[in-house]
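Chain F is fixed; fit chain P onto it per the hints.
Order-wise, the sequence lines are chains F and P. In this text, residue positions in the first sequence follow the working numbering: the first is 1, and each later residue adds one. In this text, residue positions in the second sequence follow the working numbering: the first is 1, and each later residue adds one.
Source of the hints: derived by calculation from the structure; they are not laboratory data. No false leads were slipped in.
Stretch by stretch, here's where chain F covers chain P in the computed footprint (C-beta under 8 Å, at least three residues): (1) 63–75; (2) 125–133.
Computed Cβ-Cβ distance ranges for the label pairs, DEER-style: (3) P:E223 to F:A93: 36 to 42 Å; (4) F:V43 to P:G98: 18 to 24 Å; (5) F:V66 to P:F106: 19 to 25 Å.
What you are looking at is a predicted structure, and each value in this text was computed from that prediction instead of being measured. Just so you know, even glycine gets a beta-carbon here, dropped at the ideal spot from N, CA and C.
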Amino acid sequence: MSVPGAWYLVLAAVLFGLGATGLLVRRNVLVMFMCVELMLNAVNLTFVTFGRLQNDIGGQVSVFFVLVVAAAEVVVGLAIIVAMFRRRAAATADDIHSLKG
Amino acid sequence: MLGAVLPALAGFHAGVLANSGVLANAASSGVRLGHASAWVVFVIGAVLILSGAFGVILLRNPVHCALMLVVTLLGIAVEFVDEAADFLAAVQIIVYAGAIVILFLFVIMFLGVDRRESAGPERMKAQRPLAVLLGFVTLAEILVLSRVQHWSTGYAGNSQYPGGFAGPLNSRDQNVQTLGQSIYTRYLLPFEMTAALLVIAVVAAVVLSRRQESVAGEMSVEEQESVVGE
Numbered sequence: 001m002s003v004p005g006a007w008y009l010v011l012a013a014v015l016f017g018l019g020a021t022g023l024l025v026r027r028n029v030l031v032m033f034m035c036v037e038l039m040l041n042a043v044n045l046t047f048v049t050f051g052r053l054q055n056d057i058g059g060q061v062s063v064f065f066v067l068v069v070a071a072a073e074v075v076v077g078l079a080i081i082v083a084m085f086r087r088r089a090a091a092t093a094d095d096i097h098s099l100k101g
Numbered sequence: 001m002l003g004a005v006l007p008a009l010a011g012f013h014a015g016v017l018a019n020s021g022v023l024a025n026a027a028s029s030g031v032r033l034g035h036a037s038a039w040v041v042f043v044i045g046a047v048l049i050l051s052g053a054f055g056v057i058l059l060r061n062p063v064h065c066a067l068m069l070v071v072t073l074l075g076i077a078v079e080f081v082d083e084a085a086d087f088l089a090a091v092q093i094i095v096y097a098g099a100i101v102i103l104f105l106f107v108i109m110f111l112g113v114d115r116r117e118s119a120g121p122e123r124m125k126a127q128r129p130l131a132v133l134l135g136f137v138t139l140a141e142i143l144v145l146s147r148v149q150h151w152s153t154g155y156a157g158n159s160q161y162p163g164g165f166a167g168p169l170n171s172r173d174q175n176v177q178t179l180g181q182s183i184y185t186r187y188l189l190p191f192e193m194t195a196a197l198l199v200i201a202v203v204a205a206v207v208l209s210r211r212q213e214s215v216a217g218e219m220s221v222e223e224q225e226s227v228v229g230e
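Isolated chain P, as found in the complex:
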């Protein structure tokens, strides 16, 4: 099935590129990988991504799942490098592998849930086969829909914004400069809103995980009496 889908997809996107015509005359900037080495990097990243994903799904111990998630995130970062998204590759490593997975591991250790999943009777009959079937249906749906023309085309630039609404990807600047200029000019308001979102998330985490009976740093009546009694 994949062999039938891939050429169609490739032809479809070649058509998109020919229509938009922006990539053809775009000056390539920075260090570009050669053809063969780009394929090598792609295959390495794909192997990392898929093995990590299978590990997350199949392994029993949640700690092992978190470590396999790191493998997948590393593979995604490799693919980002392959697609010349240097800043996102670095951020992917720092934010995901450095912060989010550590948070997962911390919660796993903190709660002591690194025991095996209970193999008790399933509440829903035939959940596993149904789940695998639905996963395949999802995959087939995406692949079939992506063959439909104009399903995945979007704003492809016009005379006013030749490189698309957010700005051209292949400018003279480095990737970080291009991304920063777009975020700090055209997407400044969403960027400011993320600050509010992060503050809300921090406050929510503190409120949710706080113990109700005793605030941190606050002594109960018994503790106060014991201190006074001494």
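Bound-form chain F, shown alone:
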């Protein structure tokens, strides 16, 4: 009928790996946040693919809820970043070590 699901799963795995790599490599807090979004989208693609393979709408329902939670997460995370930048003009994650014991 169409492209086999394994291709989508491999693509999603590669995207997840890229997001994880970026989260570890980059030191700008905002870019690290974007890499988290990359990983979330990889998982969304996996959800939709498995939903199609199993003929179950539940995969798409899960993606719907992931979208809502991702929106809330971004709002709160960016608010934290704004509050953090206001206190100290720190652009990198290495500068945020106030909680270190």
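The following block gives chain P in isolation, referenced to the frame of chain F:
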């Protein structure tokens, strides 16, 4: 390595489908792409996704990273269209590209952090090679684990719910109707909880980003005295 993994994965999922047997007799609904055009759409989406992801990781300027993130999200939406998830493709564009990336760009501009990442001495020696190595380990782990049988199978329907717990994907209705019926019936309570979650997120954002010294619309003592003095 990929060439070895792909046929195994394809065979594995063919086995899953043969076992569940739900897709074989499911009536296809709506507009289905042909085989060749589905591949074309898949490849276009994959190129968009991967180029955007590499852009997010490699580009220096955070504004450029946000714009490359849009490319990746567009590619994901293309893949959703390819998989007949029409509603999610539209929502992906509207919510992610229209709201979340705009929020990212707004914060970048607002904070003025669109300068280059400082290339100062790294606190952790060899962070970059270790990070790339760990990324490859993550990818290999996912690919290897997905070859293990029954790692990724879930509830595949039974006689009571032939199309799975949430409802069949290939019903007579359109994608939006099917999704809406599932969300508003079986997943009504989680759906209501998302409303509470969004309210909590809005309140949290206001509380977190509010300046402590002066509430918006509230004048300080000096400002009040200056107004009275005039």
